[in-house]
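Undergrad: Listed here are the chains, written in short residue letters.
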Amino acid sequence: MSDAPLTLRSRAESLAAPLPPLLAEAENLASTVMVGDHGRRRAGLGDTFWQYRPAQNHDEMRAIDWRRSARSDAQFVQDKEWQVAQSVLLWVDQSASMSFTSLKDGTTKADRARTLALATAILLLRGGERVGLTGNRLPPRRGETHVSQMATLLSEDHSDDFGTPVADGMLPHSRALFVSDFMGDLAGIETALQKAAKRDVRGALVQILDPTEEAFPFDGRTIFESMSGTLCHETLKARDLKARYLERLAERKDRLSQLARTTGWQFHTHHTDASATSALLWTYTALERRT
Amino acid sequence: MLSVGPIAFTTPWLLLGLLILPILWLLLRAVPPAPIRRRFPGVALLLGLTDDSTQTDRTPWWLLLLRLLAVAAIITAFAGPVLNPKDETPGNGPLLVLIDGTWADARDWPRRVKRIDAALADAARDGRTAALLTLTDLPPESPVFQDAQAVRQRIAALTPKPFLPDADAITAWADRLTGTFDTFWMSDGLARDSRNTLLGALESRGTVTAFESPRPVLGLRAAQVVDGDVAVTVLRAAAGVGTQTSVAAIGLDPAGTERRLATAPATFEAANTETTATFDLPPELRNRVTRFEIQGVRSAGAVTLTDDALKRREVALLAGASEREALELLSPVHYLEQALIPTADLIDGTLADVLLANPDVIILADVATLTAIESDTMIEWVENGGLLVRFAGPRLAASDISRIDEDPLMPVRLRIGGRSIGGAMSWGEPKELAPFPDTSPFFGLPIPNDVAVTAQVMAQPDPTLASRVIAQLADGTPLVTRKSAGEGSIVLFHVTANAEWSTLPISGLFVQMLERLAVSTRPAAPTADDLTGTSWMPEDVLNAFGELERADTLPGVAGEDLAAAQPSAAMLPGLYAGEDRRIAVNAIGREDVLTATSWPARIAVEGLDVARETLLKGWLLAAALVLLSIDIIASLALSGRLRGPRASAVAAVLVALLLAPMDARAQEDGFAISSTADVVLAYVITGDTRVDEMSDAGLYGLSNTLFQRTSIEPSFPVGIDLEADELAFFPFIYWPVTADQQLPTREAYAKLNRYLRSGGMILFDTRDADLARFGSSSPAGRKLQAIARGLDIPVLEPIPQDHVLTRTFYLLQDFPGRHPGRDVWVEAAPAGAELSDGMPFRDLNDGVTPVVIGGNDWAAAWATDQLGNPLVPIGRGQAGNRQREIALRFGVNLIMHVLTGNYKSDQVHVPALLDRLGQ
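Chains as they are written, first to last, in our numbering: chain A, 1 to 291; chain B, 292 to 1210.
So that you can see chain A by itself, here it is in the shape it has in the complex:
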């Protein structure tokens, strides 16, 4: 009883420990993209002035802008710019396979995926959109405070080997961003994308890969294990497998991009040794693109 607050506190602190760097990194990354004007360029519900128009019959009296009307004989109504916030839902693969790295600076795929997702979220929030996580983990909301909550959730690690996108809780006509290495079963991804397509959710798939996964620089007798050790494959001559592995990888990328095309999504492969900014730019434009 007495130590419960203490353990809670220490757990909370250890949980929060990676957050400031993640947030800082994401903020840093987001600051590299200039946010432009994201108004809808048409009259509608909103806060900012769009145009004056002559009052119609259906306009309520209190909608009349008397200051403008006083300058002439007709009554005018102030139209606001239509500001419908778009909902964007993120899904970041938190499975064990994402914690792989072969880089000297120790950047894992998960690191990159989180940074990328959070940076995208920050950009979108600045742009006035609502951002949330899929699977009803975090409903789309606005505001900067939302970011830290999202970071907390993104920092969790899951123990299963490969992640499957969760398409629950997606609002119709919203946008979505799936970040993963997509090494797991393709059926799950397919299902998720179809589910999204049914609700007219468009979005982007970002595949994060380690350079080793692209190069397959192995040789000799090797037992390959998945990150949690549940899957393993033994080969006597790893080099011979290289061609076929790369073939399968290319096949998978093809399949993913084909899936994306049919469901109206965008697909992009990003490597952890490349600059995160390029991936962020791509993601941002992909989500901004009007269909």
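By construction, these hints were calculated from the structure, which means they are not laboratory data.
Hints may be right or wrong, so weigh each one.
Claimed, not checked - Part of the chain B face toward chain A, derived, beta carbon under 7 Å:
| hint | residue |
| --- | --- |
| 1 | Pro326 |
| 2 | Ile327 |
| 3 | Arg330 |
| 4 | Pro332 |
| 5 | Val334 |
| 6 | Ala1203 |
| 7 | Leu1204 |
| 8 | Leu1205 |
| 9 | Arg1207 |
As the list claims (entries may be wrong) - Non-contacting residues of chain B with respect to chain A, defined by C-beta distances greater than 10 Å in every case (computed):
| hint | residue |
| --- | --- |
| 10 | Ile298 |
| 11 | Leu309 |
| 12 | Val373 |
| 13 | Ala458 |
| 14 | Thr581 |
| 15 | Leu637 |
| 16 | Thr668 |
| 17 | Ala861 |
| 18 | Asp883 |
| 19 | Leu912 |
| 20 | Ser1049 |
Keep in mind the model is a prediction, meaning the values are calculated, not measured.
Beta carbons are placed, not taken as given, at the ideal position from N, Cα and C, and that holds for glycine.
Fit chain B to the given chain A structure using the hints.
TA: What follows is chain B alone, placed relative to chain A:
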């Protein structure tokens, strides 16, 4: 023992292990290299892929072969392969193991003991009885054969003796032999007449096998002086190939520890059995040599002790000052020099110089008075074992020395005047010498007829006089008197050292008398006649291994034995001391020659085989190890572990390790080049970061100022570590003194003193002129005193108004830094510097002051940042700027002074300077 060609195996059944090799082949072939486990998310894509070929699951054939070879090498190695094995046939009946047991055995005694042990072990195994004898220690009766195992117990007690066996004793013993037995003769390798007779006697009793080391015996004859060099003859028993050995001269160093004083090579030509090692030693060193040794040979024959024959005494000759240009033959010391030059080393000089050299003998020829200091030193020297020999002469006769009281440096009291006999104005005939009494050191010297004394100084009759006379004239008046003082003695010849008063100095007797007095050394070894009837005590004796042992418990030997110089059980080789000299007896005499044994063909001689047994085990095991190391690398390469991040890291570490030393050297060179390419101002790193940064910034600011205003264009300042860095590169060192900095080590002090002497300048800055005046009133000041204690700093004075520092570039009267303190100290001007008329400055033209000491914290005043902005506020407002400017001017003057010396003191510039000064 199984033999295949020249190779035999000690445990051949182990070779059966080779049979498992084919099985091993099959096993190893089936076991592929161990896999590497790799975490790899892409494994999902690999699932279901199969390997193309199944060939690679087998170990490659060459790797297999490598491993099999390694295993085969190990098996063969443990089977004990021996190259050129020896076959021995066991005998029966009693076995006599006979050892020469001389010094020639000592050089490889442990090996011989091992061989004897093996022989006795064989005998024990064959159930033979055995006896163990050494020829140098023969029992009176015929050998008694005992159980070989029991005889083995006695091996440990065997020691070789440092002398050769006695031929008569051997012959007598050979005659007493009874029974039949085989003989195993452990020969020392030296031919002797007694050997053949004994061999005959032994062969009549049974078969004889001999063992002899193939290495030739080496020996040293006694050292001799040839043409001023010490020559040591090195002997070897057998000629053959040309070899080179070296001979070491060993003795006590001045600190009293024994060490190798010199070495000389001795090269044997192929055909020679004799060569000479020559030592060119200074007398001082030669007198210290106690023995010569062949290096690397442990044997009494390889050591030769030196005795007094090798020593040359150091003799100082001093004559009374002579005002006249005398003829050479009238010189008081001419005959002494002639007598002593062949056998002693003469020292010239004043008495004070001579006493410093601590000679063995000082000869004063007609020197009457000594100063009090000289005589005190002389007395001390005599009491420490010096021999003072004085000769009379006109001066001594005329002086009052030892007239009433006996002078401590005279053996007797003298009467006034002396006497003159047989001259034109005197009565009597010149006196001849009386025979020497047997208490005299001159006893036994023949007295030539032509020695006559015409004048002498007379001794006062005293109770002690009779005991002090060691030579007298025919009428009983003393000619030579002696008294001992402490460990030394004082001898007075009552005549002159030249032929003025007597003919003694030009007779042969004079030389012999000097020899007897141990003034000079005897040129040759004493003859048997000299030694007859004397008795000598051993001081140190040699054992067979050539080591010196104290001989306190040994009895003395008779002079006749010593003259024979044939070492035996009764007279071990060593150093024997007599009354006034020491004689060395060496294992090898002056005329001895070493000859190798020549055994008759019928005798089997062991140990002379050229092809020696070689154990191959070590080589095979090493080969297996190499093969296995190759296997490791090959296996790593095969399993892909030689690539990858970790492997490259290891490679990088290896490369770095290899390159590191080169880097260090390159760094050192870089330091030297960067410090000398330009003028570089340096500061001492105190360990206090703030002070060091301030020093750096200060010198940076000063360097900039110099660059802007003068033709001195310094490079960036550097901090130097007094312990590690070379100081000679820097003309100027700024040394801020902090209270808690480390004192330099002894080496650093040596470096600093060298730096100061060779023209460097150090500016000591206690940085506390705001708090304390110069002196020990502040912690930094006390530290400065502690630092300066070890430095070679000249006399200092507060900087005078006309010091060259006031005008090397700017005209200055104050030397402020951050503090405007007045106390700046420099090397004091020479006392005699005079102010000449009409000149504002004293005429001081020499030297740059090696130190400038003050406490004005100059570095702070000079300090600027990279942009030239001052770092430390000085004073207030405009006055502060002025003070900073003056501080910088002082810095400029200081560096100018360092680099140009006293150029500005030259009179050339005085008119212009006067003009500027408005005078």
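Undergrad: Looking back at the hints listed earlier, which ones does the structure fail to meet?
TA: Violated: hints 6, 7, 8 and 9.
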